[in-house]
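Asker: Per mature numbering (1 follows the signal peptide of the UniProt record, and there is no 0): the sequence shown = residues -21 to -1, 1 to 209.
No wet-lab data here; the hints were simulated from the structure. By construction, the Cβ of each residue, glycine as well, lies at the ideal position given by its N, Cα and C atoms. Watch out, some of these pointers could steer you wrong.
[To be verified] Have a look at the derived ranges for each label pair, beta carbon to beta carbon: (1) 198 to 60: 21 to 29 Å; (2) 178 to 75: 39 to 47 Å; (3) 74 to 198: 19 to 27 Å; (4) 203 to 85: 43 to 51 Å.
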Amino acid sequence: MLRISAFLVSLCLLASAETLAAPEISGRASVVDGDTIEIHGHRIRLHGIDAPESRQLCVDDSGQKWSCGQKAAFALADRIGQAPVQCEGVAMDRYDRVVSVCRKGDVDLNGWMVSQGWAVAYRQYSEAYVNHEERAQEAERNIWASDFVMPWDWRRGDRVGGQEAATRSEAPSQSRNCNIKGNINRDGVKIYHMPSDDYYGRTRISPSRGERWFCSEEEARDAGWRRARR
């Protein structure tokens, strides 16, 4: 009996600790970036999504860079407006942010950001918004109408076109021109597109699906991709 009681007490303490670790927070929100807000001094990370970083750039079909990270933050701020936001805590991350699902009324803001093409599903932590991402990608909404690298890859130093930002090992002038698109079609066939190919501009690269950029045709062929039919 004592062992059972001690076990129940432990469960209650654990539940209490988790509640304290991931509180429910509501109030007027200020937007930090496309997946982070602040309410009453609490920094809140939107659960299950990853938006372009504030300094991240995307590249449109004409080759023009645009500030997709800033645009994502503006989109979230416009969607919230002055209305109160309710955030249900899921966990605390290593930066002491509350990881939450946040809502404006009946609208799941996490899902809205992904469905509008301003963020991607963060599959490493949740698959709740994978369908939202697939619909946004199919409709080519916002970031899906451009070339971009996944936010988690951008944080590691990857940039559009497979070029890394001037890094520890190479200067900008030494970066390789990796502009060959390695696409995987609906049948799972790996096809690479050269800049001169008919469908190059329409082809989107999604690293989360195993797609990638190549620096040469030889590299693409060696990796198992074949040239697109022109």
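Asker: For every hint, state whether the structure bears it out.
Answerer: Taking the hints in turn, this is what the structure says about them:
| no. | hint | in the structure |
| --- | --- | --- |
| 1 | 198 to 60: 21 to 29 Å | violated (48 Å) |
| 2 | 178 to 75: 39 to 47 Å | holds (46 Å) |
| 3 | 74 to 198: 19 to 27 Å | violated (37 Å) |
| 4 | 203 to 85: 43 to 51 Å | holds (46 Å) |
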